[in-house]
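Colleague: Chain residues, written in single-letter form:
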Amino acid sequence: MNSSDRRDDVWEQVKAVFRYELLRNLRNKNFLVIFLIAVGIFSLNLFLPPILDGFETDPNFFLENLNPGGLVIMILAVGVSMKTIAGEFESGSMELLASKPISRDVIYLGKLAALFAILLVVYIFFFLYSLGTSTWIYGLQDGLSLVMLAVPFFLALSSMVWVSVSLFLGAWTKSSVVTVLGTVGIFIGLSVAAGIVPYYSPMTGEAFNYLPGEGESGELAVGDEDSPVEGIMINTGTDHLSDLFVTYSLDPETNISILEHERGCPVTGMGGEEFVPGDRGYTLSSSVARTLMMTMVYIIGLNYLGILLFKKSSIMRH
Amino acid sequence: MKALEIKDLDKHFDSFKAVNGLNLVVEESEIHGFLGPNGAGKTTTLRMIMGLLEPDDGDILIYGKNNDSKDLDVLSRIGYMPERPSFPVHLTSRELLEIYGQTYGIPEEVREARASRLLNKVGLDNYADKRTGKFSKGMKQRLGIAQALISEPDLLVLDEPTAGLDPGGRARMRQIIKEIGKDDITMLISSHLLEEVEKICETVTMIDEGKSVLSGSVEELSHSKTVLQIELMEITSRIINALEDLPKVKEVIRVDDDKEEIKVIASDDEDYRPVVSKTIVDHGGTILKMTDRSRSLEDVYLEVIDGGPEDEQLR
Ligand SMILES: Nc1ncnc2c1ncn2[C@@H]1O[C@H](COP(=O)(O)OP(=O)(O)OP(=O)(O)O)[C@@H](O)[C@H]1O
Ligand SMILES: [Mg+2]
Chain A
191 MNSSDRRDDV WEQVKAVFRY ELLRNLRNKN FLVIFLIAVG IFSLNLFLPP ILDGFETDPN
251 FFLENLNPGG LVIMILAVGV SMKTIAGEFE SGSMELLASK PISRDVIYLG KLAALFAILL
311 VVYIFFFLYS LGTSTWIYGL QDGLSLVMLA VPFFLALSSM VWVSVSLFLG AWTKSSVVTV
371 LGTVGIFIGL SVAAGIVPYY SPMTGEAFNY LPGEGESGEL AVGDEDSPVE GIMINTGTDH
431 LSDLFVTYSL DPETNISILE HERGCPVTGM GGEEFVPGDR GYTLSSSVAR TLMMTMVYII
491 GLNYLGILLF KKSSIMRH
Chain B
13 MKALEIKDLD KHFDSFKAVN GLNLVVEESE IHGFLGPNGA GKTTTLRMIM GLLEPDDGDI
73 LIYGKNNDSK DLDVLSRIGY MPERPSFPVH LTSRELLEIY GQTYGIPEEV REARASRLLN
133 KVGLDNYADK RTGKFSKGMK QRLGIAQALI SEPDLLVLDE PTAGLDPGGR ARMRQIIKEI
193 GKDDITMLIS SHLLEEVEKI CETVTMIDEG KSVLSGSVEE LSHSKTVLQI ELMEITSRII
253 NALEDLPKVK EVIRVDDDKE EIKVIASDDE DYRPVVSKTI VDHGGTILKM TDRSRSLEDV
313 YLEVIDGGPE DEQLR
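Here the protein sequences come in this chain order: A and B. The numbering of the first sequence is this note's numbering, which starts it at 191 and goes up by one. The numbering of the second sequence is this note's numbering, which starts it at 13 and goes up by one.
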């Protein structure tokens with residue numbers, strides 16, 4: 191067999207695994223359940239403000255709510271990937287796949303590609319759903335731009351960080367329960383830490399930009415009331431690659447000023463129960479670059495380790 | 013040419029040696045039975061052949077090439093049916109055969125046609141477009157065979173293809189395997205069902221506690237010796253010892269716990285009836301019935317595999 195035959199074969203194999211993973215996932219009832227939960231949480235974002243505060247038109251609603259939030263991003267990721275590696279070890283079906291003349295890298299990467307494709311389609315749906323509902327509830331939207339078409343792609347990348355955590359845990363433990371609990375646990379742990387740590391020590395908040403999740407919270411400040419992005423609340427972690435990218439594209443000169451907890455009187459505890467923009471901040475461009483870099487570092491790093499573990503695995507029923 | 017050669021293979025799980033210096037040779041075009049009791053190390057060995065488990069030591073040569081590094085060219089010549097195969101439940105049999113076929117780089121039209129033909133061959137044509145999650149054990153076994161054949165392999169490795177099937181299912185599986193065997197294909201079939209193997213295989217290797225204890229052709233193994241099956245009034249250790257001391261008697265086995273019946277295995281096929289019956293009578297026994305027959309694979313198995321219940325009775 192010459193090398194170009196081999197290359198054709200590898201391409202065919204990637205297609206085979208891609209289709210396998212796609213069908214395995216999409217026909218699973220769990221997928222539908224997770225998808226509906228995500229749609230539900232996302233819908234709360236859209237419908238809750240008018241229900242709670244009364245109806246008001248808001249031409250910036252779509253722009254300000256491009257991101258469904260870390261919980262949706264993580265839930266979808268775990269939902270599609272929890273059984274991708276671990277589940278096949280548990281059921282024993284990995285034994286069939288791995289006995290074919292196909293390298294473990296191809297199995298892993300073919301599955302990874304399928305998960306990305308599924309997430310991309312889900313986020314395209316979310317994008318259209320959000321655009322439609324925003325216009326319907328809040329009136330015609332301002333600030334629409336072609337760069338927004340990149341939102342589903344970047345959301346899928348954000349989800350891929352959690353997919354990578356989950357696949358890494360799956361390849362390591364071969365247990366879908368550990369995979370789910372581990373990924374959700376890391377998400378909750380980091381979210382709680384990101385909420386508490388900056389409260390006591392504002393400077394350490396920066397560390398969260400280097401971990402998966404929400405990162406720091408801030409407010410976009412252009413210094414120009416006419417800018418479409420002025421005053422938008424935004425987060426700087428890997429979950430927010432999409433909104434960082436879009437706001438950056440709309441106004442590259444923007445700064446983010448990080449919110450700080452305004453401490454009240456140390457004795458009475460009064461007067462300080464709010465987060466307000468503080469002295470610290472980043473340029474939006476540096477923040478986008480950092481978040482994109484960290485997203486890729488996690489996706490590449492965790493999957494590299496995942497592939498190593500998968501290749502070393504004994505394949506039998508676990 | 014040797015299709016498969018295993019030399020001094022070792023594999024341990026923690027401190028337990030599952031495979032311990034195993035040797036095995038399968039010549040091209042033969043149907044080779046791989047026999048051993050539960051836990052003998054059959055599945056572990058087959059997984060190492062397929063590159064699913066890493067051996068601790070020893071060599072596995074497939075058509076002369078080492079499969080230690082999970083050589084894809086080697087794997088592309090083998091079809092493998094795992095023990096109790098498990099499929100992703102949401103895919104249909106046809107989709108699976110097609111997808112597995114695609115991993116061998118088989119062109120689309122070819123693999124589609126082949127999938128249909130194989131599903132027909134194993135009697136699953138009515139279930140071709142049903143998801144495998146609803147399949148019975150027997151249907152999964154048959155799909156297991158079909159997927160192992162999708163690449164028209166040179167070497168077919170089957171791990172207990174008839175395990176867990178009802179008698180009808182077993183007969184059907186045997187029929188399928190025999191039919192496959194008509195083509196020019198090499199097969200290695202693991203089993204602990206001796207009659208099965210006797211009906212299907214030409215050569216066998218028996219293993220116990222991770223070691224090969226015997227190998228040869230079924231013909232040779234079962235017909236080179238005779239077995240006397242004797243029903244006595246009462247079995248005593250005096251009789252057993254006396255029989256065991258006879259020059260050409262190889263082994264004396266008690267057939268069943270609750271029957272006064274023994275098997276005397278002689279080392280060649282002379283007629284031993286006179287000398288055996290005389291010995292029994294001389295030692296105070298009464299013979300109720302004595303039959304002479306050639307040895308079955310089961311007799312051979314019981315002789316060479318340690319720790320069988322019949323063996324223990326007499327020690
Ligand atoms: N993953 C594992 N971890 C620990 N021990 C194992 C593992 N897999 C197999 N074993 C042990 O190795 C021994 C050989 O097992 P194996 O499955 O190869 O036997 P077998 O000959 O196929 O038996 P059977 O006829 O029951 O299928 C058994 O004692 C089994 O308990
Ligand atoms: Mg077994």
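Hints listed in this document are in silico derivations from the structure and should not be mistaken for laboratory results. Treat the hints with care, since some could be wrong.
Said to hold, decoys possible - Under the rule of at most 27 Å between Cα atoms (straight-line distance), these lysine-lysine pairs were calculated in the DSSO-like manner:
hint	chain 1	residue 1	chain 2	residue 2
1	A	Lys502	B	Lys146
2	B	Lys146	A	Lys219
3	A	Lys219	B	Lys194
4	B	Lys146	B	Lys14
5	A	Lys205	B	Lys82
6	A	Lys501	B	Lys149
7	B	Lys149	A	Lys502
8	A	Lys501	B	Lys262
9	B	Lys223	B	Lys262
10	B	Lys29	A	Lys502
11	B	Lys142	A	Lys219
12	B	Lys77	B	Lys262
13	A	Lys502	B	Lys142
14	B	Lys77	A	Lys502
15	B	Lys14	B	Lys77
Please read all numbers here as calculations on a predicted model, not as lab measurements.
Colleague: If a hint holds in the structure, say so; if it does not, say that too.
Modeller: A quick look at each hint next to the structure:
1. Lys502/A x Lys146/B: violated (32 Å)
2. Lys146/B x Lys219/A: Given that 27 Å is the threshold and the Cα spacing comes to 15 Å, the pair holds.
3. Lys219/A x Lys194/B: Distance of about 44 Å is beyond 27 Å: violated.
4. Lys146/B x Lys14/B: Given that 27 Å is the threshold and the Cα spacing comes to 40 Å, the pair is violated.
5. Lys205/A x Lys82/B: Within the cut-off at roughly 21 Å; holds.
6. Lys501/A x Lys149/B: violated (30 Å)
7. Lys149/B x Lys502/A: The given pair, whose Cα atoms are some 31 Å apart, is violated under the 27 Å limit.
8. Lys501/A x Lys262/B: violated (49 Å)
9. Lys223/B x Lys262/B: Satisfied, since the Cα-Cα distance of roughly 22 Å is no more than 27 Å.
10. Lys29/B x Lys502/A: Holds - the C-alpha atoms of Lys502/A and Lys29/B are around 20 Å apart, at most 27 Å.
11. Lys142/B x Lys219/A: Measuring from Cα to Cα gives roughly 17 Å; hence the hint holds.
12. Lys77/B x Lys262/B: Violated - the C-alpha atoms of Lys262/B and Lys77/B are around 40 Å apart, more than 27 Å.
13. Lys502/A x Lys142/B: violated (34 Å)
14. Lys77/B x Lys502/A: Distance of about 21 Å is within 27 Å: holds.
15. Lys14/B x Lys77/B: Holds, at about 11 Å.
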